[in-house]
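**Student:** Okay, here's what each chain looks like letter by letter:
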Amino acid sequence: MDWSQSLRLVAPEELLSIAGLVLLLVAAWGGDRAARAITWLSVAAIAACAVLVAPALCSGASGPDTLAFNGQYRADAFASFAKLLIYAAAGASLIVAPAFFERVKAMRAEYPILILFAVLGMGMMVSAADLITLYIGLELNSLSAYVLAAFLRSDDRSAEAGLKYFVLGALASGILLFGMSLTYGFTGTTSFAGISTALHGGLSHGALFGITFMLAGLAFKISAVPFHMWTPDVYEGAPTPVTTFFATAPKVAALTLTMRVALDAFGSQAHAWQQIVIFAALASIVVGALGAIGQQNIKRLLAYSSINNVGFMLIGLAAATPKGASAMLVYLAIYVAMSVGGFVAVLMLKDADGAPVENIADLAGLSRHRKVLSLCIAMVMFSLAGIPPLFGFWGKFVVFQAAVQAGMVPLAAVGIAASVIGAFYYIKIVKILYFDEPAMKAVGKSDWMHQALLAISALVISPAGYLLTVWLGHYANSAAAALFGAV
Amino acid sequence: MMGFPILSLMLLVPLIAAVACLLANANAARLIALAATLIDLALGILLWANYDIGGAQWQFTERAPLFAGFQWALGIDGIALMLIMLTVFLMPICIGASWKSIQSRVGEYMAAFLLMETLMIGVFTAQDLFLFYIFFEAGLIPMYLIIGVWGGADRIYASYKFFLYTLLGSVLMLIAMLWMANDAGTTDIPTLMAYDFDPAAQKWLWLAFFASFAVKMPMWPVHTWLPDAHVQAPTAGSVILAGVLLKMGGYGFIRFSLPMFPEASAQFAWLIIGLSMMAVAYTSLVALVQTDMKKLIAYSSVAHMGIVTVGLFAFNRQGLEGAMIVMLSHGLVSGALFMAVGVIYDRLHTREIDRYGGLSINMPYYALFFMVFTMASVGLPGTSGFVGEFLALIGIYQVSSWVTFVCATGVILGAAYMLYLYRRVAFGDQKHADAAAMPDLDWREWAMMAPIAAAVLWMGVYPESFLSPMRADIAALDARLARVKPEGDAKLRVGMPKVPAPADLEGAH
Chain A
1 MDWSQSLRLV
11 APEELLSIAG
21 LVLLLVAAWG
31 GDRAARAITW
41 LSVAAIAACA
51 VLVAPALCSG
61 ASGPDTLAFN
71 GQYRADAFAS
81 FAKLLIYAAA
91 GASLIVAPAF
101 FERVKAMRAE
111 YPILILFAVL
121 GMGMMVSAAD
131 LITLYIGLEL
141 NSLSAYVLAA
151 FLRSDDRSAE
161 AGLKYFVLGA
171 LASGILLFGM
181 SLTYGFTGTT
191 SFAGISTALH
201 GGLSHGALFG
211 ITFMLAGLAF
221 KISAVPFHMW
231 TPDVYEGAPT
241 PVTTFFATAP
251 KVAALTLTMR
261 VALDAFGSQA
271 HAWQQIVIFA
281 ALASIVVGAL
291 GAIGQQNIKR
301 LLAYSSINNV
311 GFMLIGLAAA
321 TPKGASAMLV
331 YLAIYVAMSV
341 GGFVAVLMLK
351 DADGAPVENI
361 ADLAGLSRHR
371 KVLSLCIAMV
381 MFSLAGIPPL
391 FGFWGKFVVF
401 QAAVQAGMVP
411 LAAVGIAASV
421 IGAFYYIKIV
431 KILYFDEPAM
441 KAVGKSDWMH
451 QALLAISALV
461 ISPAGYLLTV
471 WLGHYANSAA
481 AALFGAV
Chain B
1 MMGFPILSLM
11 LLVPLIAAVA
21 CLLANANAAR
31 LIALAATLID
41 LALGILLWAN
51 YDIGGAQWQF
61 TERAPLFAGF
71 QWALGIDGIA
81 LMLIMLTVFL
91 MPICIGASWK
101 SIQSRVGEYM
111 AAFLLMETLM
121 IGVFTAQDLF
131 LFYIFFEAGL
141 IPMYLIIGVW
151 GGADRIYASY
161 KFFLYTLLGS
171 VLMLIAMLWM
181 ANDAGTTDIP
191 TLMAYDFDPA
201 AQKWLWLAFF
211 ASFAVKMPMW
221 PVHTWLPDAH
231 VQAPTAGSVI
241 LAGVLLKMGG
251 YGFIRFSLPM
261 FPEASAQFAW
271 LIIGLSMMAV
281 AYTSLVALVQ
291 TDMKKLIAYS
301 SVAHMGIVTV
311 GLFAFNRQGL
321 EGAMIVMLSH
331 GLVSGALFMA
341 VGVIYDRLHT
351 REIDRYGGLS
361 INMPYYALFF
371 MVFTMASVGL
381 PGTSGFVGEF
391 LALIGIYQVS
401 SWVTFVCATG
411 VILGAAYMLY
421 LYRRVAFGDQ
431 KHADAAAMPD
441 LDWREWAMMA
451 PIAAAVLWMG
461 VYPESFLSPM
471 RADIAALDAR
481 LARVKPEGDA
491 KLRVGMPKVP
501 APADLEGAH
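As they're listed, the protein sequences go chains A and B. Following the numbering used here, the numbering of the first sequence begins with 1 at its first residue and continues without gaps. Following the numbering used here, the numbering of the second sequence begins with 1 at its first residue and continues without gaps.
Don't read these hints as lab results, they were simulated from the structure. Hints are supplied without guarantee of correctness; some may be wrong.
Estimated spans, in silico, between C-beta atoms of each pair [what the hints assert, rightly or not]:
| id | chain 1 | residue 1 | chain 2 | residue 2 | range |
| --- | --- | --- | --- | --- | --- |
| 1 | B | 61 | A | 462 | 22 to 30 angstroms |
| 2 | A | 355 | B | 8 | 46 to 54 angstroms |
| 3 | A | 132 | B | 61 | 54 to 62 angstroms |
With a Cα cut of at most 25 angstroms, we get these calculated DSS-like pairs of lysine-lysine [stated by the list, open to error]:
| id | chain 1 | residue 1 | chain 2 | residue 2 |
| --- | --- | --- | --- | --- |
| 4 | A | 428 | B | 161 |
| 5 | A | 441 | A | 428 |
| 6 | A | 441 | A | 105 |
| 7 | A | 105 | A | 445 |
| 8 | B | 100 | A | 371 |
Some chain A residues judged to face chain B by a derived CB distance under 10 angstroms, without partners named [claimed, not checked]:
| id | residue |
| --- | --- |
| 9 | 4 |
| 10 | 6 |
| 11 | 416 |
| 12 | 428 |
All C-beta atoms, glycine included, are put in the ideal place defined by N, C-alpha and C.
Isolated chain B, as found in the complex:
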């Protein structure tokens, strides 16, 4: 364990860079933002390299009694480590994606993004209930500005909807947190994770947290802000929204709802599972009929998040591990898909699927990358999507075969809408001359796409690198949930071995 406050430093670097960006001109702001995100990426790699797998549950902990009523308390476990890695990995790519497409008010844009990075890392590292809330809620401000200032035509409606929906979701969580801090007498998250609240109170607390995380996740039927926000946000905004912000909901469930309120979680598991089944089946169908590429990917996000919640509320190790891998994989894949949309949007300024076609002829490398990410989204073995979905479905299969059946249709429908999208964009005739004249990827776009593709394949071929830091934490959570584990519906019985009759034995000779 290092005594060096690396987590505080990771929070501070983008924050200082954000202030610098506000004062700098456009080109300088771009360079500052890129440098700061790369420094954070380097710090992240250092963090992973120094993370002691099998060591203490909470590592790199920092405590400073700076405030009244709560503490500056940071620390990570394996789950948080993976999500931080996802954040710092995607951020430089986001800056790259905005390099040319953002031309107005560059300094403010970069500042908003860097502030966002600070807050996202803060959410995953906070070890104090209220510090977590502050980071969690503060993310609304930069995201509101990113959507509202640099978004598409209908950006104002989308930004309001995003802001008010998520705010309403999370204020009730604050009241629940206040009650918890009052009841348990501490705001320390690790302590609270082992604290047993009264089961009657847990019900209300769970619902309050659910209101917040379900909106953030987003779960059906409170997902409607997501397609609007995604479609209107600039490319990098969509990447960060899909890649990291949606993961805060899943992280919330895994960090708060499940370990702090196990009884209530078990009691409401049917609610989560019902909504998730609805999300998987219904939003997949909705995705099938979209004509706007970003909207299609947004609905596919809702469907994938359904698999995450199902995995989480399976109350077993495979389900939890699967949910985490789906989150990481979806963070990479949906981010990459939004970037792929951004690449052709920058050239033709439309997201209508019909305006493209036959891109594999004039943009072969683009078509290749798009293919990799499409396959990863579908869940083809060898890509990250397969590992996560497979584990999550195994997890839920131990609880209910019917739920597994419904969720597995999501995988099939996912293949349908993604392959259909790919066919319309990349294959077929070159219907439009302007689309046919688009140049292939330049080196900047290569540099954005290639690392994500490599990570997707790595996670698909050797998921152990990503699972091993989380294993002990998921085992601890699984042990905590053991007392409320639901009984499976499979009713497996151990059969009696067939005793061979003497006559058969003789006949065998």
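One chain only, chain A, in its complex shape:
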């Protein structure tokens, strides 16, 4: 494999690096006046990357042709699927930002650039075929994310969120690194293919510890129980556009990375990690549901909801089959649409002065004066709860279908029964919006960009979304086939 081939495979990452560096220079000279222009240029760069990665997904690329730099990096259909979701989520987080930051006079040019570098890191994460690539991608993403969480530096909550995220994220990275070193020590290689071959014969205790620690570190990043504690605090404290970003893009990246580690590197020892994943899945579903019930702040509630959703996605991982992987990808795509819709709706909740309204009690009777917005929030809530005919149901459906086909009927039954607990707090929001007397707090006007994004997400999660199932299923299947083809 020659260098030109490798460089061609990593074209999206090159484009992102160059765009990030050039825009950084523009920002240094242009200052904050150029922030809006830089935001749009970043969106354009991300869109160009999407064009670059799409062919690999359409052709279902897999096999040795997709390996770059001597097996360090893999640009297959699976990575493309994840990257497209990441780009979509990052684009949405960029588009919603100016309207939010300009009100508090904090629209600085660093925001889009940090997002670009985070996206670059995530692109490396999902394409990693080696522990070292994995770690570099993860840290590039995390370091950008820590700064983003604390982006409103004069706001105490934002600073606290940044610090918490940094301390706990560093701890998680340490745990992950420890697991990686154990894995390397007991298998003698850092490449996923090599680890898979080395573990084929059997599993030593050391390697088992390696798997466990690596999964623990990754569980931090996907905020699965019992490593979820930072999520509500960070989601609440970070500026809402950043929360939109955290809830979507890094989730996609970390989950697909976990899939690649579990199914590719440790794929030959699936029974060793399946019980860990099953526990994390069920615990996330239950804790995410119970924790959300008492929340007063809508962002905290959505944080618990994301923990809950990660639990459902992990059920697909627990199945450890191509069908399960495909189901996870479908769920992720729907989850991104739901989360973007949810957080954009939160961004649109403003009082008469334009200050954000985050308290759930202040949303009482919103349906009387903001009919369309309430309808969209209600749709997002029912969709997150997985009530048909909204599209959120389809994500749960395919995941449970995969579990049943893998013979894990008890897991599916317990998981779906626990989803009823979650339904309680989702319908509580609907109750507050529709049944209660109006509090008339959230009366502020919303930006047309926000309205457009919300309309798009609402359309995707509406029953019309089912028309996408054939198409979505096809690409998810080919991505999952590429993942399993690499084993």
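Position chain B relative to chain A; hints supplied.
**Tutor:** Just chain B now, kept in the frame of chain A:
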């Protein structure tokens, strides 16, 4: 058979009208809703007129591979046809019942009702397992909103209870469906109805479906959501809940549990029959002591549904036909009774039985209609209630005389609580001046009551119109269940004819 996708059209008309209602003002929304439900009624009549009795089992079938993993597959048999007719018949009446009593957020209300109609017709027409599930489950959303927004004082508790109870019931059914689709390799309901699942697995599948349908039905002891939901829902909400939503449970048993899991059905028949006996006897007694009219009718619904389940699990033709007629009759009668309560509630704003009395003096026509529906609920011969209960009890009598004995007490108790209710409301002295001053029915209320009364009498006098479309389908189901049919406890023996002695013959001369 028509090539025209009439079933899709019936689903589409209320759906489009629902969107239009959201955008329209109050008066326009009322008119749009009425027009859409009347169009659906016309389409329903067209459907019945074109239904070929004795023709193919599944008619008006449509198939479109729109989705991954399941299909847009519609089609009806006679059983579904009758339930669709019930739905489209009750819907315009529901809109009429809400014409004046709903004054706030009319557009959203009408939209919720029309959405409900789409979903109910969808449940009865779906021929794909997962399409059925989507329609079945989606009904929770509009009903939750109807109870929660336009309901009575304790509406929030009632709406939560309704939502979570029914959701918990049906999610396990989804897992069972996934397993079935995986095992049989198809999601086509007609194919699955003829597929023989492993009897050991059937047990679990049956229980999962039972969890869903028993809550929806509702069977004792998971019926407790029903009185709350009924009492708090607005009049039309109660009508649609009692009239059609409860029928989804019975339809589920007849479409899924019985034909797909015959062995398990036979194995668990004692469970159903036990719970049904309990429901009939116990909830009838509970109904006797209610002071709230809607609650009384709600408990009577549970008792009537007990007769339905007993009839279904008698595993014979009379039982199945009786169960279907009880469902149709109860849909009309309990809907009409809730409407009758709604009429006087609109005038006096209370459902306390004690606040009324002597209404036959100042509201003679009202008292007349109320009498017809009371008698139909009691099961007086000549009304629809009699036909269904009689057939269902004949059906179960072939299986067990004791069960029949217990269930027949329900008929007696039914007469007791309904006549007692009627006496307190319509007869006696006019105790309260405000109740005595209430005007009689206006033309709108006439238009709501008269068609139901006519249908009740039609079904009572000439049930053949309603039985004939279902006959072939029930015969097919009966044939499917033949291998698990229980033995009756009556131990009938054919006696020897008495041979007359020659002496007797001589004496006769």
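**Student:** Against this structure, judge whether each hint is valid.
**Tutor:** Hint by hint, here is what the structure shows:
no., hint, verdict
1, 61/B with 462/A: 22 to 30 angstroms, "holds (27 angstroms)"
2, 355/A with 8/B: 46 to 54 angstroms, "holds (48 angstroms)"
3, 132/A with 61/B: 54 to 62 angstroms, "holds (59 angstroms)"
4, 428/A with 161/B, "holds (12 angstroms)"
5, 441/A with 428/A, "holds (18 angstroms)"
6, 441/A with 105/A, "holds (23 angstroms)"
7, 105/A with 445/A, "holds (18 angstroms)"
8, 100/B with 371/A, "holds (23 angstroms)"
9, 4, "violated (39 angstroms)"
10, 6, "violated (36 angstroms)"
11, 416, "holds (4 angstroms)"
12, 428, "holds (8 angstroms)"
Checked against the numbered hints above, the structure violates hints 9 and 10; every other hint is satisfied.
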